[in-house]
Structures are given as structure tokens and as C-alpha cells.
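The listed protein sequences derive, respectively, from chains A and B. If you count the first sequence from 1, position 86 lands on 91 in my numbering, and the numbers rise without skipping. If you count the second sequence from 1, position 266 lands on 271 in my numbering, and the numbers rise without skipping.
Simulated from the structure, these hints should not be mistaken for laboratory data. It should be emphasised that the depicted structure is a prediction, and the values quoted were computed from it without experimental measurement. The reader is advised that the hints may include incorrect statements.
Below, in silico cross-link-like pairs of lysine to aspartate or glutamate (DMTMM-like), each with a Cα-Cα straight-line distance of 25 angstroms or less [what the hints assert, rightly or not]: (1) A:K60 x B:E438; (2) A:K248 x B:D255; (3) A:K60 x B:E412; (4) B:K63 x A:E413; (5) A:K248 x B:E262; (6) A:K60 x B:E433; (7) B:K411 x A:E53; (8) B:K115 x A:D128; (9) B:K389 x A:E53; (10) A:K411 x B:E53; (11) A:K234 x B:E262; (12) B:K60 x A:E447; (13) A:K518 x B:E447; (14) B:K60 x A:E412; (15) A:K259 x B:E396; (16) B:K529 x A:E530; (17) A:K115 x B:D525; (18) B:K234 x A:E262; (19) B:K518 x A:E123; (20) B:K63 x A:E433; (21) B:K234 x A:E396; (22) A:K251 x B:E262; (23) A:K518 x B:D128; (24) A:K529 x B:D525; (25) A:K60 x B:E413; (26) B:K259 x A:E262; (27) B:K529 x A:D525; (28) B:K60 x A:E433; (29) B:K63 x A:E438.
Number of protein chains: 2
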Amino acid sequence: MTIEKQIIGNQFSGLGNETFYSCNPFTGTNNKFVFYKSTLGEICLAAEKATTAFKYYKLESGVDKATFLETIAEEIMNIGEDLITTCMTETALSAARIESERGRTINQLKMFATLLREGSWVDARIDTALPGRTPIPRPDLRFMYRPIGPIAVFGASNFPLAFSVAGGDTASAFAAGCPVIVKAHPAHPATSALVGKAIQQAAIKTNMPDGVFSLLFDNGIEAGIELVKNPLIKAVGFTGSFKAGKALYDAAVKRPEPIPVFAEMGSTNPVFILPGAMKEQGKNIAEAFAVSVTLGAGQFCTNPGILVHTCKDSEFEDILKNSFEKTTGGVMLTPYIFKAYKGGVQQNLSIDGVRQLAKGHTATSDENNLAIPSLLATTSAVFKDYQQLSEEVFGPSSMVISVSNKEEMINFASNFAGQLTATIHGTEEDLIEYNELLHILEQKAGRIIINGFPTGVEVCSSMVHGGPFPATTDSRTTSVGMAAIYRFVKPICYQNMPQSLLPEELTDMNPMKIYRLVNDMHTKEAITKNNK
Amino acid sequence: MTIEKQIIGNQFSGLGNETFYSCNPFTGTNNKFVFYKSTLGEICLAAEKATTAFKYYKLESGVDKATFLETIAEEIMNIGEDLITTCMTETALSAARIESERGRTINQLKMFATLLREGSWVDARIDTALPGRTPIPRPDLRFMYRPIGPIAVFGASNFPLAFSVAGGDTASAFAAGCPVIVKAHPAHPATSALVGKAIQQAAIKTNMPDGVFSLLFDNGIEAGIELVKNPLIKAVGFTGSFKAGKALYDAAVKRPEPIPVFAEMGSTNPVFILPGAMKEQGKNIAEAFAVSVTLGAGQFCTNPGILVHTCKDSEFEDILKNSFEKTTGGVMLTPYIFKAYKGGVQQNLSIDGVRQLAKGHTATSDENNLAIPSLLATTSAVFKDYQQLSEEVFGPSSMVISVSNKEEMINFASNFAGQLTATIHGTEEDLIEYNELLHILEQKAGRIIINGFPTGVEVCSSMVHGGPFPATTDSRTTSVGMAAIYRFVKPICYQNMPQSLLPEELTDMNPMKIYRLVNDMHTKEAITKNNK
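Here chain A stands alone, though its shape is the one from the complex:
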């Protein structure tokens, strides 16, 4: 039995009396890792250390922060096979999936390092002094984004690496210049501990201030709420359920000093099939849809939970049925998630007017928490009458909705709440004909996919993994991709600051050769007497 403690900066701490263990979803038994639950004292200590660390960490150069991120990536790779096997026993995900997720996690850290080394992300703006302007001279004004303070990050159940301890939220917060306190997800605490120690090692090796990173354990909600309520925490990153995300949001906005919460709370990711595409590609779309719904036991935030089409005969649904019956389910991440999946499907099926269109099968049958893919069908009228049908059922399930014409499809789309993604399958003629649908979906979702599927979220500069409430609590940002760095910064304007005291991104010489807006011109040039 291995006993794991909180990571608080460069130390470990196990001051609590309560413990919990890492559960194997295949068997429902203990993985032989026991975790101290964090105490209020430990949470406060982590926040205090983060605040002290912030004083120094925010002054680290882009290059030094980049080295820190790259060293985290190295240290994660140095864990080796142990990370893969530990994660498998905690999540029931396959080795191939975990290896690929590790690759994504490493890649994400390195991409933020590249962003920092290049440096232009700070959006430097300079308006030089106009001492002779009348009636009032203009002072010298220089603007850039600066870090906001210690960030609380909540690990997600479904991405034990890429959205957890060293995941996107942590990477973007570190890149922004903010210390991070992660609350590990109780579904994979041993994986979290391994990654947490890798970050701790990286911080020590690269001389980052003690407290730049902490990792807290708890299998209830108390530690997380206490963390969000701690006055030293300045923003929150979260990926998970609507219920948990909204509870953190409510706690954050009720604080004496409210703070921003970037909660990604899931989505039904509707897919619309337009008539031309249906005619030309119906079969291919049906097959690819079945794969997208059931990929990784359907445990993706971007899993397509709704498919809307205008097909009048039963041909398309027959193809869908055939494709879906070939799919295989899998063991879900936790007993709780499995139970919620089974219950969610059952509850939707109990509605008058909702029918089972198809079921997948399972490769084995002797394992616990084994989800069977389930495809339901209904009409837009029934869908409209039952609010619960518009809520995400996390797992390998989707719902097919047939509408009679374009108008009904557009009305249906208009009634959607916020989504992470919306997908349209259409020929170019379809898309012109259904232009209004496109414009509606642009208000409903963070990412619009044409002739593809929403699963598979590329980490790059152009990605948006976000969307209007209730998909997230802040539609103005993304939690995947390089633009995520802007969640954890605020603009500062320096007026008449001497060159020697300006951050180097704002000095006349522009030593980092970053792109800046100087007197409203985009340029990498230094400021000289001529362009001042």
C-alpha cells in the first residue's frame, strides 16, 4: 500500500486524518494507493506559498518560464511506463489512448514554451509621448498583459493527463506567469501524484520559486470549494460536470472579491445533416457518426449527443442503425460515471416518444462499469417538451432527431443553449441554402465544424474549446489552444515609466524583437528618435 500526501510547493504534507483510495474501474477495488485528504490548513498554506511565489514567478522571463514548461514535459516523459500502467488501472483507458494523451500533454507544454520564447503574445502597445500636443500633451503610455495571480485548477475525470495536473489549464496559467494549485480529480489520484511530482521536480530543477505549484487531494467537494473561496486565489480553471462547475462559479461570484471562473461544463454538440450531403454522403456520415459517438466509450466533452436530419424515409435511420450496432462499448472511467450514464439513457428512454434506435455491443461482459452504446430517436416536438433531453448524457450515447423541413431545423437550432461545438454536414449549395443555420450556430457554439465530427480537439493557435453558457461559464475564452493564456492575464498600462523599469517587452529597444503596436502601427522595430 503506497501512501500519498499533498504536494505543497517543494514539500509534501499529510496533516489530515481522513484518507481515500484509488479505485480500479475494471474491478471496483482499491489500486493500493491511499491518499490523505487535504485539510483547510493545507489549502491555506498552498495559497500562501503560491502568493509568495507569485512575487517572483511573475518576474521570470519568457525564456525561463519556457524552460520550466519544457522541463515539466521532460519529467513527465521520465516517469516512463509507470505513468501508463498506473493511469490504465485508474481510468480503464487503453495504453494507446493514454500514450497519445501523454503526447498531447507534452506537446501542449512545448507549444506554450514556444509562445513564450517568441513573446508577442503579451500584446504590447506603445503610444509615445507627444509633449507638444495642444491643448494637453500626451504622456508616454505602454500596455501589455501581465499575470493575474495564483490559479486554482480542477483536474477532469476524462482526460487524466491533458486536462488534469499538467494539462491545458496548468500549462496556460504557468505560461501566463501564474502559480497553480491543482485539485486532483479523485478518479485518478495516483496518476495525478505521479504528474504532480514531475512538476515539483521540474520547478526545483529550474529554480522556480517554492510554491509555484501545489497539488491537493480530496474525494469530496469540500477542498475544492475552500480553494475557490480562498481570498488569495485569483481565478479558477475547471473541466467537468455542469453541477460541479456551476457550484464553483456560484462560490466564486459570491466571494467578497469575486473572481473569474473558466468552467468547461460539457455540451451535447449537435450535428446537422443537410439534404445534399445526406444524398451524397449519407452512408459515410452515418458510419463516421457511430464511430465519433462511441470513441473512447463516448467520454469526450465533444461527443456528438444530438443528430438532426430532414430525411423523410427510413433509409438513413436504417443505415445509422446498422452502423451503430457494429460499435463496441467499454469500461467507463468510474462507477459513478457509469451509473450516471445508465441512468441518463434509461431516463430519456422512459419519455413517451423517445425510442431505442440501436444498441452497440460489448467485447467482454464480465467487467464492471461496462457501458453499452445506445442510440435513441425522437422528434423535435418531443425534444422541445422535455428539458432533460437537451442535457448531456456523458458516455457512448446519442439521439437522432428527424425534422420535416428547413424551417423546423432552424427553429430547433434557435432553441439550443450554448454548446462547445456545432457540426454541419452539407454541400456548398446546402450551406448557402442553410446560411441562417450557420449564423444561428455561430451564436450557440465556440467551434463550427463543416463535414467532420467534433471529437478530436487540435491544440493550436486557432482552436476554440469554449462556447456560451451552459457549455462554459465564460464564452470569451477557450480552454484549449494558445489563446487560453489570455484567461489568466490582465492588461496594465505604464504611464511615463523610465526605460530601466519597464518590462523588456515594452522598452524602446525591443530586445525580444516581438510584434508591437507602436503609435498604432504593427512593427517589430525598435523605437528610435525617428518613429517616436
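Here the structure of chain A is known, so what remains is to put chain B in place on it, guided by the hints.
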């Protein structure tokens, strides 16, 4: 007696039974303008019209939105002298001040027009497809900022033009592509009606959709709260008191769909004088400080409400006293504001350990609502014990705090809540010696001013008029300057969108020749086979 109605898109509406009048602060009497208070039905109609208008307005090109903004500027100028005289009778501000504020308002609209014509503000990012990438191909991904929806804007009492109906919030929301519903400030409804009609005219002349702009009147809080609670409103811009701003924030975050509130709620704008500057410039600083505190009867958000120094003898306070005694007060904006000013000064003076250091005088004595400049003094120990001393007293008042050394000054700064600005007077040696103070203030304020005064907020790309709570409800933005446009937009990612359906900012050809990030390179070039 002129009767004014709500402006709802291209129509006027006076469905209510209740009215209020425009008050002359010099006399306390009716300016002979009567206003219908908006009804719930009118508020809902304005929100519905804004939502319909949004469908079309968000598709207007940057050039067409720029023409709209420029036409608003022209229509405001076309009001002529009537705007100045009406505004004077409602605000007691001087003709020169109002003319200068009108210039600023016009300039602000034109600057956003220039930003739109140039077009790079949308932060276009393109990652082109990598169909041959293994193991998974990369789709074509294109990112840009798009408008968020109808915005509620609350006019401020102290800037009847530049922070009101056609002020910064309205200009930035229109520029972003969002319709605007303004709730006029009851301190200057007739001024608001004139400007509102100018915007209405500009919208009609430039063929903007009916509902892109509405103006509502109310002299209580009901209409504003109803507006914020309306589900069709997607964000809120506000400038005013902490109490009102926080009430709107609380209403917005409790909605079924929470929305962002950008409330600028004032600040005490501390000024720190370091020893070297005191020695070299003490007299000049004292004189300039007295002017900054009493400018426009002290009715600026950036009015310096606290001055901290380490001077051990009484020499500096003597100079301050002399300078301050030369200052003149003036008639305040409203009887309510005057009463709050008098009460605030009185309440602070009633604290044991707070003394009156100096008083200004008044040019006349027979007018109503005439504020007398008031300079108080205390110690950091007393300041720390009384929370009320850290709250803004809106008007020509400030408080001098003498501290015994550097350590006490830094401790004092550490305990500040969020501010719009923080000012340091120091020689270059001082600033190096007090480097820690600089770093603390960077966490406390949106703008750091060296050897100047915070009054005078330049409208330009580098300005930040914002700061941590309680100065604002969102430190990640600014309400003055070009970066304000980002409050009213959200990123959208288009995946595999055909060229013909992409916004032109994202097409391969880049017809607007804007700066874009293409495969992580900053460029104005079109995308061709070679760089794809």
C-alpha cells in the same frame, strides 16, 4: 415643457404613466424637460428589437460599421450649441469642459472607426489543413473574434457625453458588432435624449438595422435591473458607484444564464511620493496635486483620493496646505452627489486621528450644491483601523497619510484593494530603491503613473482604465481605449469551412490585408499554395 420618450430603434415610445424631470443643480429646479419612465414592456421590446437587429448588424462589414460610428460623430456635432447649453443646465459643468468632452466623445467614435477600417483587431488566426499528418490529419482551423450580442450600457453621471449615451461603452460595443441599449443617467436625461436622437438618426442614415440602438429613461433602479435580467442581453457596461455596479453584477451572475458585467466602480487612486522626488520636486508636486484633486470639482474616477509620503518634518504638509487653500470648489453634478460628498468628508473627519489639513474656497456662495475642497490627514495606523477611509469620497477631497519609512509605505500599499490607478513620484534612484512598491502596485491597479497625476485618461490603444475589484468587476479589460472592444466579443473557430462562407477576415485571399497569425507566423500575406 418638453416631453421626451424612450428611443426604441427607429421609434419613440412613451407607454408609461410615471415621469420625472431634468434637474438643474445650480437651482435645484426643473429644467423644463419631462421624461417618461420606461416600462417593463418597453425594456423587453428594446431587447427584442436589439436581438433581431443583431442578426444583421453582426454581418455588417468593418467599413460599414465605421461609417455608422463616424455618422454618429457627425450627428452629435450637428446638434450644435444646444448640446452644450442643455448639458450645462443639467450638470453644472463649464462650457469649456463640455466642449472638450464632446471632442473626446467624437474622437473616440472616430478612433474605433479607424480600428474597424484597418481590421486586424479581430485577431485572425489560421492553421491550415495538414491532410498527410500522422497519426491524425489536421483539419483547417480558423479563429477570429465575433460579437457577443445585445449590450446594456449605463450612462455615468460625471461624464455626460464621453461615458454616457454615445460614450466609450457604446462606441466599443458598436465597433465589436453588438447592438446597444443605453439606460440614460437621470442626472442628465435631456443631454442623453439629444445624443440618443443623434445615434438614431445616424442609424437610419447609414441603413443600420432597426433596433441596433435604444435609449431608456428611469430615475430609479428598476429599469436598469430589469434590463440586466432580460435574457436577451448578453453583457453589461457600467460606470458609476460601487453600490450600483455591484448590484448589477449580482443580478447578472444570478441569471439562469450568467453574463459578464464590466462595471467601473471608482477608486481612491493613491499617490506615493518617494524621498528623492520629495526633496527635488516637493513644492511642484504639492501644487499639481492640489489642482488634480480639485479639477472639475473632483468629479473624476481617477481623482487622487490618497497621498502617501515619508516626510518627517511639517514642511511638505505646510506647502500642501498653502497650495490647497488656493483651490476653488464648484457646483456638483447633482444634489445627491453633493450630499454624499459633504457626508463622506464629515464622516471621515469624525474619526479620532483624522484632521483637517486644509480647505479650499468657493468662487461664489449663493449657489446650491457647492462643494468646498477638503484635504484631510491621518496616519497609516488610523487608516488601517477604519475601513471607511479606504472608500472613495467622490468630489474635491483627498487624504494625506504620512508614514515613517519605506517598510511602512510598502505595507500600506500591500493592504490596498483594487484601484484604477496608482501613482508614484520618484527619481530613477527612488524607483529602483522602491522596486517592491512598483511590483505591489502592478497587482493593485490597471494603470501605473510615474511623476504625473492620474486625472486625464488618454483615449488610445495603450490605455487601461480598469483594475482589480472593487475598482471594477473584471480586471481583465479596460473601459477606455481601443482594447475595450474585446469586452464584447468571443472567439469562434471555423473548422473546414468553405472559403465562400468564411468571414472575409479569414479567407485565403485576405482582401482586407489585415495582420493574421498563419501557421504561427504573423503576416499580412494571402494564403497561397506555397505557404499553406
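Structure-based check of each hint:
1. A:K60 x B:E438: Judged against 25 angstroms, a Cα distance of about 17 angstroms means the pair holds.
2. A:K248 x B:D255: holds, 20 angstroms
3. A:K60 x B:E412: Satisfied, since the Cα-Cα distance of roughly 17 angstroms is no more than 25 angstroms.
4. B:K63 x A:E413: holds, 24 angstroms
5. A:K248 x B:E262: Holds: K248 (chain A) and E262 (chain B) sit about 14 angstroms apart, inside 25 angstroms.
6. A:K60 x B:E433: Holds. K60 (chain A) to E433 (chain B) sits at ~22 angstroms (cutoff 25 angstroms).
7. B:K411 x A:E53: holds, 23 angstroms
8. B:K115 x A:D128: Status holds; Cα separation ~22 angstroms.
9. B:K389 x A:E53: holds, 22 angstroms
10. A:K411 x B:E53: holds, 23 angstroms
11. A:K234 x B:E262: holds, 22 angstroms
12. B:K60 x A:E447: holds, 11 angstroms
13. A:K518 x B:E447: holds, 24 angstroms
14. B:K60 x A:E412: Given that 25 angstroms is the threshold and the Cα spacing comes to 17 angstroms, the pair holds.
15. A:K259 x B:E396: Holds. K259 (chain A) to E396 (chain B) sits at ~20 angstroms (cutoff 25 angstroms).
16. B:K529 x A:E530: Since the Cα atoms of K529 (chain B) and E530 (chain A) sit roughly 16 angstroms apart, the hinted pair holds (cutoff 25 angstroms).
17. A:K115 x B:D525: Within the cut-off at roughly 14 angstroms; holds.
18. B:K234 x A:E262: holds, 22 angstroms
19. B:K518 x A:E123: holds, 23 angstroms
20. B:K63 x A:E433: holds, 22 angstroms
21. B:K234 x A:E396: Distance ~23 angstroms between K234 (chain B) and E396 (chain A) Cα, so the pair holds.
22. A:K251 x B:E262: holds, 11 angstroms
23. A:K518 x B:D128: holds, 20 angstroms
24. A:K529 x B:D525: Given that 25 angstroms is the threshold and the Cα spacing comes to 16 angstroms, the pair holds.
25. A:K60 x B:E413: Given pair K60 (chain A), E413 (chain B) holds - Cα atoms ~19 angstroms apart, limit 25 angstroms.
26. B:K259 x A:E262: Given pair K259 (chain B), E262 (chain A) holds - Cα atoms ~16 angstroms apart, limit 25 angstroms.
27. B:K529 x A:D525: Holds, at about 16 angstroms.
28. B:K60 x A:E433: Distance ~22 angstroms between K60 (chain B) and E433 (chain A) Cα, so the pair holds.
29. B:K63 x A:E438: Holds, at roughly 19 angstroms.
Of the numbered hints stated above, none is contradicted by the structure.
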